[in-house]
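Q: Spelled out from the first residue to the last, the chains are:
Number of protein chains: 2
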Amino acid sequence: MKIANRKSQIANFSVPGFKAAGISCGVKKNGNKDLALIYSAVPAVAAGVFTKNKVKAAPVLLDMGRMKKGFCQAVIINSGNANACTGKKGMEDAARMVIAVEDALGIKKGLAMVSSTGVIGQNLQIDKIEKGIPKLVASLSSKGWNDAAHAIMTSDAFPKFAFEKCRIGGKEISVLGIAKGAGMICPDMATMLAFLATDAAIEQKTLQAMLKKAVDNSFNSITVDGDTSTNDTALILANGKAGNKQFTIHSSQFTLFCEMLERVCLQLAKMIVMDGEGATKLLEFNVIGAKTDSDAKKVAESVANSPLVKTAFFGEDANWGRIIAAIGRSGAYMKEEKVNIYFNGVPVVLKGLDAGREKDAAKTVKNENICIRIEMGLGKGKKTVWASDLSYKYVKINAAYRT
Amino acid sequence: MKIANRKSQIANFSVPGFKAAGISCGVKKNGNKDLALIYSAVPAVAAGVFTKNKVKAAPVLLDMGRMKKGFCQAVIINSGNANACTGKKGMEDAARMVIAVEDALGIKKGLAMVSSTGVIGQNLQIDKIEKGIPKLVASLSSKGWNDAAHAIMTSDAFPKFAFEKCRIGGKEISVLGIAKGAGMICPDMATMLAFLATDAAIEQKTLQAMLKKAVDNSFNSITVDGDTSTNDTALILANGKAGNKQFTIHSSQFTLFCEMLERVCLQLAKMIVMDGEGATKLLEFNVIGAKTDSDAKKVAESVANSPLVKTAFFGEDANWGRIIAAIGRSGAYMKEEKVNIYFNGVPVVLKGLDAGREKDAAKTVKNENICIRIEMGLGKGKKTVWASDLSYKYVKINAAYRT
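Chains A and B, in that order, give the protein sequences.
Be aware that the first sequence starts at 453, since it is given in this note's numbering, and climbs by one per residue.
Be aware that the second sequence starts at 453, since it is given in this note's numbering, and climbs by one per residue.
In short, the hints are calculated from the structure, not lab data.
Even glycine gets a Cβ: it sits at the ideal position worked out from N, Cα and C.
Warning: the hint list may mix true and false statements.
With a straight-line cut-off of 25 Å between C-alpha atoms, the simulated BS3-like cross-links for lysine-lysine are [what the hints assert, rightly or not]:
(1) A:K617 to A:K506
(2) B:K506 to A:K481
(3) A:K790 to B:K506
(4) B:K790 to A:K541
(5) A:K540 to A:K561
(6) A:K811 to A:K832
(7) B:K561 to B:K657
(8) A:K790 to B:K540
(9) B:K480 to B:K520
(10) B:K580 to B:K540
(11) A:K540 to B:K803
(12) B:K520 to B:K506
(13) B:K811 to B:K521
(14) B:K481 to B:K504
(15) A:K583 to A:K540
(16) B:K595 to A:K803
(17) A:K834 to B:K697
(18) B:K657 to B:K697
(19) A:K811 to A:K504
(20) A:K506 to B:K787
(21) B:K803 to A:K541
(22) B:K722 to A:K787
(23) B:K834 to A:K504
(24) B:K697 to A:K743
(25) A:K521 to A:K697
(26) A:K504 to B:K743
(27) B:K743 to B:K521
(28) B:K504 to A:K541
(29) A:K541 to B:K811
(30) B:K541 to A:K811
(31) B:K480 to B:K595
(32) B:K580 to B:K623
(33) A:K506 to B:K693
Just so you have them, the derived chain A footprint on chain B, three or more residues with Cβ under 8 Å [what the hints assert, rightly or not]:
(34) 536–544
(35) 568–580
(36) 798–811
Full structure from sequences and hints, please.
A: This is the structure in structure tokens:
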């Protein structure tokens, strides 16, 4: 999909007390940036959400261990190699990365984390990465987010960046995020990574709960092809530089901050969908009236993951039968005769039957953005997910990548 | 995929006491055959397995009701319209079909069943079907299976037919099957249908158990795109004309007949996979050593349904990382360091790590038939599933069908 050049925007934003950098160290053969660093002037409260895939890459395992402390001052990220399915050597390499960056920055041991993304099953070019770290640290700048956003890209067609600033509890508070991901083209260019930085002061457990909720409603509500990666990671660092009184759970400040964090995450998540390989449409599946929220989730995911539904939208075919069949096999409780379906407000199914609006429906599916509203007519359960369509180009990219 | 012309084979086989027919009644606009009939000279013991999709087409609901009697003498099948999502009118139309066929054949009320396959959400052209029934009945012949196999086709590139004859308990016993299906291109050309006829004498509950097992190991072990239809149906009629002593459960005759039935179903199922839209490869995923059979099933289905795995095989890319990632997200218990993966006997992963046989693996994935063996190294759980690859043509067919 066509995306405006966001470079100038990225260059304009920063968060007090944070610096970022992105350089090329030679892991990517084409010379593109492949090593990024995020650094906080002081140890920041940290929270993380990691892949549920039972095959976890070495950097994920390392971070999950380090996260128990609840503090982090630097995150180093390489692209081009996932350091996954690499056994003991992989764990050693991940450890070498954090040690090298701690040494170069002169920060306390145990305060750096690491992410990797790229090919699965090959050993990391750890020597190249270690050699690159001095240059990486020297490049740190409060305006370095653009370079960092580029250095974490793999198959991404564009860098992903989002920023918000709000006055909460009398203080200006910023949230900045960068992300990578363009479908799960695992293992070669797998993985959704997101890194968030805020100057808010937040207690660790509260931050973890906030991040979990924001990730569920954004990155965990998008689907490009139903696969999940060995390396998926979302990290947030909160360095307290805004000088606010620590947010406590369920306060009004807490709610405002949660919403801001969620909006930033959702912006990034939608960019990942729009960058889905070969995507030509942004599809929003809005399920309401399911018996439970859990049922709504089943329906939304079954429909949004169906290759038949996705190819139909690519073909601009208002093919509601594929949607109702996907609802029926979702496992959710349903009464066929209660289901209504709308495409951008045009009814296509009413009470389980053809709404007779084929012509209007055919017109609206030509839009780039299509909101598919599914009313189950049963209860209060709801869930929204976003997905791309499935195009020739998806198959082409995924079949031909390594050849 | 290239399939030999099976017409002559089909024409040669029949089952004592059964006749079949297939004609065109005008439901399909292109004039192709669209109405089939299977008839037993005497009321046959019947068993059926129906779609688990909560959205069930009218003929499925009608058959599920009639199946309670355990007897059937005729099955009428139309293609071109699924009679699904058609409400009360759909139920009335399905009832009219069975009544018309019972009248025309002069058989007892309640002994006919019906299946439909085709477009969802449009009313059946019941008048055309009723008008066609006299000609259909007049066409009945013991050699009519070829016409019937053609008349149930929708997007199928070729008719699907399988036959076996064995001596069991001193009697010659035949099993004949026809099927349709080529991926679940729901709703336009959805649905897997299979109709089996045997002259064995079998008690109804035993027949139902046999069919369920055979379907689980064949039609329920193939995946073209992970979708299931509103109309999926497998029916078997056993008319007892072979004159055998009724099979009892767990007898040696029972086992021999079960194996024969399973082989016939598996032949039909593999033809459906090979006819998967745009399929260029027949993939066999053979999972062994999982903790439980249920875990093995999760692994096999997660891998075989992954669009990334399927596109990789289309691209002839020996991309084992996509397979190990799909195992990891399957929900099955796993130990990464115990997993071995082989492509046609070539090890690609040993103990969770790259086996270093990239060159041999790259060579073997150029075959049309690829056996992917996944050893979990944990227990005795096993499961085999068959799948097609995912090609450009799949997207093309499914995006462009109604336009």
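Q: Hint by hint, say whether it matches the structure.
A: Hints, verified against the model:
Annotation: proposed proximity of K617 (chain A) to K506 (chain A) is violated, straight-line Cα distance about 37 Å (limit 25 Å). The hinted pair formed by K506 (chain B) and K481 (chain A) fails the criterion: a straight-line CA distance of about 51 Å is larger than 25 Å. Restraint check for K790 (chain A) and K506 (chain B): satisfied, since their Cα atoms lie roughly 13 Å apart, inside the 25 Å limit. Of the supplied pair hints, the one linking K790 (chain B) and K541 (chain A) holds, its CA atoms being roughly 17 Å apart against a limit of 25 Å.
For the proposed pair K540 (chain A) and K561 (chain A), the alpha carbon gap of about 21 Å is at most 25 Å, so the pair holds. A distance of roughly 31 Å separates the Cα atoms of K811 (chain A) and K832 (chain A); the hinted pair therefore is violated under the 25 Å criterion. Of the supplied pair hints, the one linking K561 (chain B) and K657 (chain B) holds, its CA atoms being roughly 22 Å apart against a limit of 25 Å. Our distance criterion of 25 Å between C-alpha atoms is met by K790 (chain A) and K540 (chain B), whose separation comes to about 14 Å.
For the given pair, K480 (chain B) sits about 32 Å from K520 (chain B) by alpha-carbon distance, which is inconsistent with the 25 Å threshold. The straight-line distance between the Cα atoms of K580 (chain B) and K540 (chain B) is roughly 19 Å, inside the 25 Å bound, and the hint therefore holds. A distance of roughly 12 Å separates the Cα atoms of K540 (chain A) and K803 (chain B); the hinted pair therefore holds under the 25 Å criterion. With a C-alpha separation of about 19 Å, the suggested pair K520 (chain B) and K506 (chain B) falls inside the 25 Å cut-off, and the hint holds.
About 59 Å separates the Cα atoms of K811 (chain B) and K521 (chain B), which puts this hinted pair outside 25 Å; it is violated. With a C-alpha separation of about 30 Å, the suggested pair K481 (chain B) and K504 (chain B) falls outside the 25 Å cut-off, and the hint is violated. Annotation: proposed proximity of K583 (chain A) to K540 (chain A) holds, straight-line Cα distance about 22 Å (limit 25 Å). Distance check on the hinted pair: K595 (chain B) and K803 (chain A) sit about 45 Å apart at the alpha-carbon level, beyond 25 Å; violated.
The straight-line distance between the Cα atoms of K834 (chain A) and K697 (chain B) is roughly 57 Å, outside the 25 Å bound, and the hint therefore fails. Between the alpha carbons of K657 (chain B) and K697 (chain B) the distance comes to roughly 16 Å, so the proposed pair stays at or under 25 Å and holds. As the CA atoms of K811 (chain A) and K504 (chain A) are separated by approximately 43 Å, the hinted pair breaks the 25 Å bound. Taking the CA atoms of K506 (chain A) and K787 (chain B), the gap is about 8 Å. The hint holds against a cut of 25 Å.
The suggested pairing of K803 (chain B) with K541 (chain A) holds, with an alpha-carbon distance near 14 Å, which does not exceed 25 Å. Between the alpha carbons of K722 (chain B) and K787 (chain A) the distance comes to roughly 34 Å, so the proposed pair goes past 25 Å and is violated. Using a Cα cut-off of 25 Å, the hinted pair K834 (chain B) and K504 (chain A) holds, with the two alpha carbons roughly 24 Å apart. At most 25 Å may separate the alpha-carbon atoms for a hinted pair to count; K697 (chain B) and K743 (chain A) exceed this at roughly 51 Å.
Taking the CA atoms of K521 (chain A) and K697 (chain A), the gap is about 22 Å. The hint holds against a cut of 25 Å. For the suggested pair K504 (chain A) and K743 (chain B), the alpha carbons sit about 19 Å apart, so the restraint of at most 25 Å is met. Taking the CA atoms of K743 (chain B) and K521 (chain B), the gap is near 40 Å; set against the 25 Å cutoff, the hint is violated. Between K504 (chain B) and K541 (chain A) the alpha-carbon distance is near 47 Å, which puts this suggested pair outside the 25 Å criterion.
A C-alpha spacing of about 23 Å is found between K541 (chain A) and K811 (chain B), which places the hinted pair at or below 25 Å, so the restraint holds. A threshold of 25 Å between alpha carbons decides the hint, and for K541 (chain B) with K811 (chain A) the separation of about 23 Å falls inside it, so the pair holds. Restraint check for K480 (chain B) and K595 (chain B): the C-alpha separation of about 24 Å stays at or below 25 Å, so the hint holds. At most 25 Å may separate the alpha-carbon atoms for a hinted pair to count; K580 (chain B) and K623 (chain B) exceed this at roughly 43 Å.
For the suggested pair K506 (chain A) and K693 (chain B), the alpha carbons sit about 54 Å apart, so the restraint of at most 25 Å is broken. By the rule of at least three residues with a Cβ nearer than 8 Å to a Cβ of chain A, the coverage given for the region 536–544 of chain B holds, with 4 such residues. Proximity of the region 568–580 of chain B to chain A, defined as three or more residues with a beta carbon under 8 Å from a beta carbon of that chain, is established by the 4 residues found. Here's how the region 798–811 of chain B fares: 4 of its residues keep a CB closer than 8 Å to some CB of chain A, so the rule of at least three is met and the hint holds.
Comparing the model with each numbered hint stated earlier shows that hints 1, 2, 6, 9, 13, 14, 16, 17, 19, 22, 24, 27, 28, 32, 33 do not hold.
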